[in-house]
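> Chains as they are written, first to last, in the UniProt record's numbering: chain A, 1 to 350; chain B, 1 to 163.
Bear in mind the hints are in silico, worked out from the structure with no lab data behind them.
Beta carbons are placed, not taken as given, at the ideal position from N, Cα and C, and that holds for glycine.
Hints are not guaranteed to be accurate.
As the list claims (entries may be wrong) - Cβ-Cβ distance ranges computed for the label pairs, FRET-style:
1. B:V119 with A:A274: 48 to 56 Å
2. B:F90 with A:S49: 18 to 26 Å
3. A:A75 with B:E74: 39 to 47 Å
4. B:V119 with A:T268: 31 to 39 Å
5. A:G102 with B:D18: 44 to 52 Å
6. B:V146 with A:S251: 51 to 59 Å
7. A:K62 with B:K122: 20 to 28 Å
8. B:C107 with A:D337: 39 to 47 Å
Claimed, not checked - Here are some chain A residues the structure puts well away from chain B; computed CB gaps all over 12 Å:
9. R239
10. C277
11. F314
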Amino acid sequence: MVGSKSNCVYVNGSNRPYYHRRCKGKISSTNIESLPDELVFDILLHLQSEDIHRGARLVCKKWYNTVRTRNFRCARLRNSTVGLLIHSSGDERPIFLTLEKGRVEMSKLSYKIPGRVWTSCNGLILDYEVMRDAYAAASMEYKVAQTFSSRLRYPFVRGCAILTVGVDKFWRHVDTENLSPIGREILRGIPLTTEGYFHWTHREGTRVLTLNVETEIITETLVPNGYGKKTKYYLSTGRSLTLLIACSGFSWEVLKMKSETGEWTKLTKVDLKARKCEFEQFVRECCGPVVQPSSLVIKPVGWLDEEVLVLNAFPTLVCVLYKVRAQEIEFVELDFDDDDLNFQVHRIRM
Amino acid sequence: MAAETGTPTTLTLKSNDDELFSVAESAAILSVTIRNMVEDGCAGGVIPLDNVDGKTLASVITYMNGISAIPADEEKKKSYRDKFLSDKDFETLADMVLAANYLNMSCLMDAVSAKIAQVMEKKSVGWVRRKFGIENDYTPEEEAAVKEEHKWTFEGVETDDDN
Chain A
1 MVGSKSNCVY
11 VNGSNRPYYH
21 RRCKGKISST
31 NIESLPDELV
41 FDILLHLQSE
51 DIHRGARLVC
61 KKWYNTVRTR
71 NFRCARLRNS
81 TVGLLIHSSG
91 DERPIFLTLE
101 KGRVEMSKLS
111 YKIPGRVWTS
121 CNGLILDYEV
131 MRDAYAAASM
141 EYKVAQTFSS
151 RLRYPFVRGC
161 AILTVGVDKF
171 WRHVDTENLS
181 PIGREILRGI
191 PLTTEGYFHW
201 THREGTRVLT
211 LNVETEIITE
221 TLVPNGYGKK
231 TKYYLSTGRS
241 LTLLIACSGF
251 SWEVLKMKSE
261 TGEWTKLTKV
271 DLKARKCEFE
281 QFVRECCGPV
291 VQPSSLVIKP
301 VGWLDEEVLV
311 LNAFPTLVCV
321 LYKVRAQEIE
331 FVELDFDDDD
341 LNFQVHRIRM
Chain B
1 MAAETGTPTT
11 LTLKSNDDEL
21 FSVAESAAIL
31 SVTIRNMVED
41 GCAGGVIPLD
51 NVDGKTLASV
61 ITYMNGISAI
71 PADEEKKKSY
81 RDKFLSDKDF
91 ETLADMVLAA
101 NYLNMSCLMD
111 AVSAKIAQVM
121 EKKSVGWVRR
131 KFGIENDYTP
141 EEEAAVKEEH
151 KWTFEGVETD
161 DDN
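Bound-form chain B, shown alone:
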């Protein structure tokens, strides 16, 4: 087992397009999936991550290194996450949420989900459909009926223009 032979400090991760990445074990174990493998002693060689491509894995590793370098200060971690995600486009975010889910990294998943939700904030239905490539499967009658439901909600609430 790893503990008997001295804990390895660096792990090698392999993406599904065969790129290899070296990452400090202390950072990599932010992923529960990887941590379980380390604990079970099967992380000595190359760890194949069949569901993550190289581009996304590189990004996730940047995040692992960045966040694990921050001491236990939730506010600093949060501002790091915000900054890390600020320049990511939607496709990258979607890849990232899949990778975070596969790697079982709840903090990253939460942050990415929140970021994707933020993109949708105050946007029209049409905009969301176009942006996310979602087909409208409602008939006009069905859509009108859904609009009628809970019509009383948010009636008369003023929204600030600057928000």
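One chain only, chain A, in its complex shape:
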């Protein structure tokens, strides 16, 4: 076969990615300005958020316009990693747990967070000395929701207000008239965030309040019957709200709520009874003889990619990582000095 040039449509043809005109033999003088827009887009996509904010967007108008596009923001979200931000109350850098290609990765963030993390979503962390309550990210904007007690009438009614960060100067009132009096009381707590929603829950309670961040409408739902008396753990996977109901000290039933409709479905049952010995062995190795493994409470604290359930052996730094589908178990000891821990679903650009 002869490779005739006329057949080589890909070299000069229409589907080549980009044609860069350059004089033959001329010594390269490529600089970033001569790169086509889509390559500049790719390069800026790899920057840390801080460098985009403090650097790139101020460099020139072209870069500013690139990072402001919806495409760019969507690509950033797609390329980011959802994980679990673990923060101790000591003056320590937070740990970030993620699932990378099926393996759990643990890293220390390069910055400290002053105060205590209140909530976190899509890369924004609220620390609670600054803002009383929580927030969520809509498709393009961050919104902060704040709940409060109305002093204007008696009995006091818990209300909710919302504002778009960096845009609004005033809080917008969210209608809570449709909520039951008990439901309104839950607004006192710290909400969980999932994609586009806030959820207020109460550990003992069976009511969930869901605030749709786009529509700013709040609805009240009940968990399925039969779980009223049991110990409950409400956790966000980042995408949706889950409820773990303790069946024993080592097993939990997992339910998941559809944010749009408030429908609950049973996902699975996590049963670690058979692994109790391994767990006790690990606790002994980490904590020495001072800690009695039987005195610890195993608390579900978070999810990695809806696939790994993270449990904390309270009050120690030992965590159990349970891969739900593979039914594999791993133990880790977190590298903190302080054992007062806070777990938050968080999205980060790695």
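Starting from the known structure of chain A, fit chain B onto it as the hints suggest.
Chain B only, in chain A's frame:
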């Protein structure tokens, strides 16, 4: 077609400054552009790559050979890429990202883009403009206005000195 006459194991690539390079087909087909040509049976002679100069093509071929010699181990491939790019200056990187784009080699493009982004890490706006030869097209008023936008972001976040 190539398959009928026995698959050629070596391809000849020609840069836009007329340098010729021999490269194993198994390595060259990391480039989707070249792979498509091979599959369409038009890679038997010399393959002209009109948008890549000899210096850059030599570098890309070194990368093709290096990365294709590594078995399917993502971590080893990543460390090879890091090492391969570690001594490249900015101009070379810019040429490389253009070549990778033209040759449709997503893994190289991604690595080079990340490397260029890494150069900008924690650098001042002025430094980035100087280094990359970008003209500041903001008026002082416009620049101040952009700085005001989203001013709340990253306020109060401490950065470690060693990073």
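> Evaluate each hint against the coordinates.
Status of the hints after comparison with the structure:
1. B:V119 with A:A274: 48 to 56 Å: holds (51 Å)
2. B:F90 with A:S49: 18 to 26 Å: holds (23 Å)
3. A:A75 with B:E74: 39 to 47 Å: At roughly 22 Å between Cβ atoms, E74 (chain B) and A75 (chain A) fall outside 39 to 47 Å, so the hint is violated.
4. B:V119 with A:T268: 31 to 39 Å: The hinted range 31 to 39 Å is violated for V119 (chain B) and T268 (chain A), with Cβ atoms some 46 Å apart.
5. A:G102 with B:D18: 44 to 52 Å: Hint holds: Cβ distance 48 Å, inside 44 to 52 Å.
6. B:V146 with A:S251: 51 to 59 Å: holds (54 Å)
7. A:K62 with B:K122: 20 to 28 Å: Hint holds: Cβ distance 22 Å, inside 20 to 28 Å.
8. B:C107 with A:D337: 39 to 47 Å: This hint holds: roughly 41 Å between Cβ atoms.
9. R239: holds (24 Å)
10. C277: holds (33 Å)
11. F314: Holds, because the least Cβ-Cβ distance between F314 (chain A) and chain B comes to about 28 Å, which exceeds 12 Å.
Of the numbered hints listed earlier, those contradicted by the structure are 3, 4.
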